[in-house]
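Could you build all of it, start to finish, from the sequences and the hints given here?
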Amino acid sequence: MKLSSLTLSHSVFPIEIREKMAFSDDQAIRFLIEMSSRSEIDNALIISTCNRTELFIAVENERRGESILSDTLQHWSMERNFTIPDNSTQLILGHTDSIDRLLRVASGLESQLLGESEVLGQVRCSIDLSKQAGVDGRIIRKLWEKALRCGKRVRTETALGDGALSVAYGALQVARKIHGDLCGLNYCVVGAGEVAELVLKHLQAIKGAKITILNRSHEHAEFLAEVYGATLGDMDAIGKHICEADVVISSTGSQQPIIDTELIRSSLAGRARALLLVDLGVPRDIDPEARGLQQVFLYNIDDLARMIEGHLDSRKAAIPDAEEIVQHECTQFEIWLGNQQLGPAIRSLRKALEDASQKELDLLRDELDVEVHDHLSKLMRKVVKKVLHRPTEELRTSGNQLSDALLTRLESLFQGDDTEGQKKEVE
Amino acid sequence: MEIVTNCVAIILTVLYGVLLSGEFRALRERQDASLLATRWIGVTVAIHLVALIVRGIEVGACPVASRWETLSLLALLIVTMHLVLAGISRDRSTLIFGIAVTFLLQLGSASFSLGESITDPQRIDSISSLHAFTAWIGVAGVSTAGIHGVLWLLLKRSIKSGQFGVLFHRLSSLESLSRLIRLATVIATVSLVITMVSAVFLGEVLTWSTGPVTSISLALAILFGVLALVPRSTGTVTAWRAWFSVTGLGGVVFIIVWIIRFGPHA
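Residue numbers (the working numbering), protein chains in the order written: chain U, 1 to 427; chain B, 1 to 266.
Treat the hints as calculated values from the structure; they're not laboratory data. Among the clues, some could well be false.
Claimed, not checked - Now the stretches of chain U that chain B is said to cover, found in silico as 3 or more residues with beta-carbon under 8 angstroms:
#1 167-177
#2 291-300
#3 305-319
What the hints assert, rightly or not - Among chain B residues calculated to face chain U with C-beta under 8 angstroms, some are:
#4 Ile159
#5 Lys160
#6 Gly162
#7 Phe164
#8 Phe168
#9 Ser172
#10 Ser173
#11 Leu174
#12 Glu175
#13 Ser176
#14 Thr236
Don't be surprised by glycine CBs; every beta carbon is placed ideally from N, CA and C.
Quick look at the structure:
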């Protein structure tokens, strides 16, 4: 099995395009089911975050994988109305690059904000979508596990995730530039997802911050309000809440803007203080036209990432260490994958030798008592094991370099030998 | 005595230059200048103050009779006002700009001190001294408000357009700058009102005999008086205040150029 991937990320596409490519959980599951039935794939993983939409599949050969992903890209481009860039071939990665890609994504090496921790949670949740779509095959699950392990290792063993840098941190930096002291300001958090929770964690640390949470569903929002000492507001009265707020941070999964320019304009009437709107949603939650309003400062995720870039020196220094871990985990995965392909061949080889020795031993059954026969049988198995140990290890280490044809031949070679032996015996 | 005056003027220029380069270095390295740097600014200002007091004692009045004295006094008042504002607001992010203006004015003062020879300094009475001194405090206040107004507008533009350059990282916040503009506006207004009242006693306002400097000062006093009365905010009002402060700074530049060209009317 070979892996292939399609990567549509912030490094190539601006937010205006990325928001068209974003998948909600339901959309992702539907897509995976459809792709599974169309292309007969049972190993697929989709990661759709504010910075990226990435699709990983495992099929029998790379060429087929590339063809499926190329068709998918064309399909998305038409369905979601965006133009495929000229260098679209670079968006589709081959086997080794795909493994490396997922591990790098989980480690935060490919994040817009280097080393951010949110992406690991998003990768963790992605397997649920594959599971619900029935495409969480053994290969993709193992790769996913490897990615999580790699992400954790990078964060604990290197300085890549050090410091309190996140988009929420960036948003508060901008708020500080506008309002000075952050204490005593009114904050309105729209949404109750993972990003909103991260924002609330930062806001909780501010003395005297008055926080209001707005969300369509009250269930999780109530929980967050209780944990972070916020009040729960009515989403239908969002205009009133914006009017009272100094900083509005929105991160919902809405496919359409939920805060339009007119709503903001009406909230500004009679207002003395400037209003900071931070849109962390992809697709965006706040109409970009609002940027033109006099007292409004509107920031989206790309703006914040650009702002924080200057603070990433210590994280950048940790890149080589992180890449070393990624490389090691990639190699480990490839060895595992190679072993999966070698398994039948090694099993067949071992069985052939064991069967041959057992047959020879069985011919002597009448001449030996039971105890000696059993003892010799054990001895034979030990000898076979010892004889095969080194070749097996050699095969395992170079398993990922062997061609599929060779492995199949190896497997059939011993099966054939075994069958011929049996025929002769019958004769 | 002239040699001493020239030496002091040059030494002060060099000191302000050194302070400015230190602040620039801190700016480039994105570090806050240390408390030590602020103390050195205080020491320099103290030397400057002593030099002008000695000069005042020497001439028996506020030292504004010549170009170099006028520019040097204005330089001293601007840097002092920046220091006072930094002390009150605990925000020294704009001090570098105050020192830059001070350095330029002191440079002008030093060049005039080398070229001008005052054999018989003009004697002025105490009301004229008060008038001149408060006028210069007012001008320093307008300049300070103007400098902060420019910085407020630049920072706002930087935040609005998402340009995260030196100004974004170096300046404190729109709120803090807005507070400093308002404070400088109030100081300027109070001083200019005293100037105008003393001018009435001197009969200058009615006669308009001193050229456009008086009328511009009067306009600045009225403009800043209105600005001082308007409550502070971070919104549109501050934008207007910032723009008017910049206009005021333009008026100050005109006054300085006028004085350099024709000499102080006092």
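These are the hints, each one checked on the structure:
Coverage of the segment 167-177 of chain U by chain B holds in this model, with 3 residues showing a Cβ closer than 8 angstroms to a Cβ of that chain against a need of three. A stretch counts as covered by a chain when three or more of its residues have a beta carbon under 8 angstroms from one of that chain; for the segment 291-300 of chain U and chain B the count is 5, and the coverage holds. Coverage of the segment 305-319 of chain U by chain B holds in this model, with 3 residues showing a Cβ closer than 8 angstroms to a Cβ of that chain against a need of three. Among the interface hints, the one on B/Ile159 holds; its C-beta lies about 6 angstroms from the nearest C-beta in chain U, closer than the 8 angstroms criterion.
Given the 8 angstroms rule on beta carbons, the hint for B/Lys160 holds: about 6 angstroms separates it from the nearest Cβ of chain U. Look at B/Gly162: its Cβ gets to within about 4 angstroms of chain U, closer than 8 angstroms, so that hint holds up. With its C-beta approaching chain U no nearer than about 5 angstroms, B/Phe164 sits inside the 8 angstroms limit, and its interface hint holds. The beta carbon of B/Phe168 comes within 7 angstroms of a beta carbon in chain U, closer than 8 angstroms, and the hint placing it at the interface holds.
With a least beta-carbon distance of about 7 angstroms to chain U, the hint placing B/Ser172 at the interface is held under the 8 angstroms criterion. Given hint, B/Ser173 at the interface with chain U, holds; its Cβ is 4 angstroms from that chain's nearest Cβ, closer than 8 angstroms. Checking B/Leu174 against chain U: minimum C-beta separation of about 5 angstroms stays under 8 angstroms; hint holds. Hint on B/Glu175 holds. Least Cβ distance to chain U is approximately 4 angstroms, under the 8 angstroms limit.
Interface hint status for B/Ser176: upheld, as the beta-carbon distance to the closest one in chain U is roughly 5 angstroms, under 8 angstroms. Satisfaction of the interface hint for B/Thr236 is found here, the shortest Cβ-Cβ separation to chain U being roughly 6 angstroms, below the 8 angstroms cut-off.
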